[in-house]
Amino acid sequence: MLVHIVRLHVQNVRNSPLRTNWQHHLLEDLNPDQNEVALATGHCLALAGPGSGKTKTNAVKAALLLKQNKRVVAVTFTREAAMELRSRIVDLSGESGKSNLLVGTFHSLCMLQSNPSVGLKSSFGKNIFEQMKAQSSQRTNIATEGDRWAYVHRAIEISGCGLEPEEAMSMIEQGKAFRAIGRVLDKDMTMMLEAYESILLRNNKMDFQDLIVGAVTGMKNGTVTPYQCDHMLVDEFQDTDELQYEWTAMHARKGVNVTVVGDDDQSIYAFRSAMGYRGMKQFLDDFNAQRVVLGTNYRCHEEVLSSASTLVQVNKGRLPKKLIAHKGPGGDVEWQPFGNRSSEANAAALHCQQALMDGKTCAVIARTNRILDEAEAEMMSYGIPYVRISGGSILDRIEASLMLDIVDMIFKEKNSTGLDGVLSWAGITEASLKEFHGKFGNAIIMGNAGDMKDIDADDVEKEIWRGFAKKLNEIRFAAKNGKAELAIGGVATWMNEHAKKDYQKDIINSCMNILVRIKAPIEKRTEELRRRKSGKEMDDKSAVLITAHGSKGLEWDTVWISGANDGIFPEEKSAVEEERRLFYVAMTRARKHLVISSSKQPSQFIHEAGVKRTDINAPQQKTF
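Using the working numbering, you'd call the opening residue of the sequence shown number 211 and step up by one each time.
Be aware that one or more of the hints could be misleading.
Straight-line C-alpha distance at most 30 Å; calculated DSBU-like pairs for lysine-lysine [to be verified]:
| hint | residue 1 | residue 2 |
| --- | --- | --- |
| 1 | K690 | K729 |
| 2 | K729 | K783 |
| 3 | K681 | K663 |
| 4 | K491 | K762 |
| 5 | K762 | K734 |
| 6 | K751 | K537 |
| 7 | K430 | K336 |
| 8 | K734 | K680 |
Rather than coming from a laboratory, the hints here were simulated on the basis of the structure.
All chains, full assembly: derive it from the sequences and hints.
The structure is reproduced here in structure tokens:
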């Protein structure tokens, strides 16, 4: 009943003859739910499903407030999102509202909050900063990501906790948050945090989390002023951790009207301590916030949205919401099983090639970068234009680089000294390589038993050297006799014999397949392969290769989710509800056509989403 009354009020405001022209102009493109968020004057939680126009809603709400001379602070998680939101707000509200507007990430806003004099130098937020004071004694040298990991490794040694670096980093971040909000730290967390912070202090550095810790602690002890604004908008609220939640809540307690926008079903950063459903539920309870569901999806056709919704509803820890596909029916979702990962990657590449030929945008999404390596290899081999967003190119992997070095040296007759990298990778130490070169010079030759006695290297290293020298002769013989594919296969065979991990063999075999498939003179193939390496920027003429985590916020006409196998997606070590949300995010990147593929045991998520198997042997007529 209450929701009905509120919506009637919103409708009345929209239709009121007293409403100004600028209000009408700003609100006319919003649907009723978006209008409800835009016009909410108190605390508000907007549950924004995928493709529901949350950025547009935030921008309109901010513009409406600025037109009323209200001071607005908007918070995002990335600098790019902040720049986009700020630009859209200014486009709607005009230049005159700049002095009452401040948009930034949690980190940048906390840095400015502790140093308001810096904020006064900008045209944005002057009316907010002029009433703020801070007595900040924070260090200002921010540690780089490389610095942080180096410090973590050293802190592990100092503390003696014996953790993996990722576990230690998570413990440090959690420890800082717990201490700032007054929670008790256990012994291990205390030891790790003290060791890490002693290293930061010794290097006169601070990390990004210290910015938020400083702001929260300063607001508690009165040395830092909360932002002097009327309204605060927080985007992607499901991704906030406990410290970011406390920073937001402290402003709400000081009288700032806070609107948080997010989707607990798209909370995929538990490994970064994101609160997700728990944080959104807590905001509702703590502040008796108005709850609005932005349930109209403007991105996906009904078939895609229905399958994704069916999947995520299996989760128990979620706020209920009904989603509606604005585009209606007209899409399709299918599951294609394959006998092996190679044929799966090949099909994904050809699918993208056809989509690009039809003038449609497309992406291959995977849980891991290893799955994307295989898809990338197939894209390269067919010369399909692509952009690799996640994990770097397969050509950057050491096995790929070494394989191309061997092929270059064979077919371009380069000096063999560069093969030391290959022999080192196979297991020969630098000291032993000097011994071999001291005996044989720059040549890589088998030598006889007497030669080997004079070399100070162990028997395994000698066998690696002799085996490689023998294989090198065989490969060169095949190459000189025009058997290029046989020679390339010989390189791959030798490297596979010395690979320690299965993923290394996958990279080696993928590179072999590419080199064999490329239609060019053999001496030009490595050059052609490097030329086909991923572009830098996404565009409508290239397929996109991206992880599920990286795909959030993006969309394409057709999406292929590769590697949907149990043990891979969901990943065995991750909580299944988190993995289900991640799969939901991947599914809802597709506007019209979604293919989910698997090899071996298919993911439980395929069944839970109600996706039917497609007979890949039958002729397929696709309309993208």
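Hints, verified against the model:
{"no.": "1", "hint": "K690 with K729", "result": "holds, 19 Å"}
{"no.": "2", "hint": "K729 with K783", "result": "violated, 42 Å"}
{"no.": "3", "hint": "K681 with K663", "result": "holds, 22 Å"}
{"no.": "4", "hint": "K491 with K762", "result": "holds, 22 Å"}
{"no.": "5", "hint": "K762 with K734", "result": "violated, 38 Å"}
{"no.": "6", "hint": "K751 with K537", "result": "holds, 24 Å"}
{"no.": "7", "hint": "K430 with K336", "result": "holds, 24 Å"}
{"no.": "8", "hint": "K734 with K680", "result": "holds, 25 Å"}
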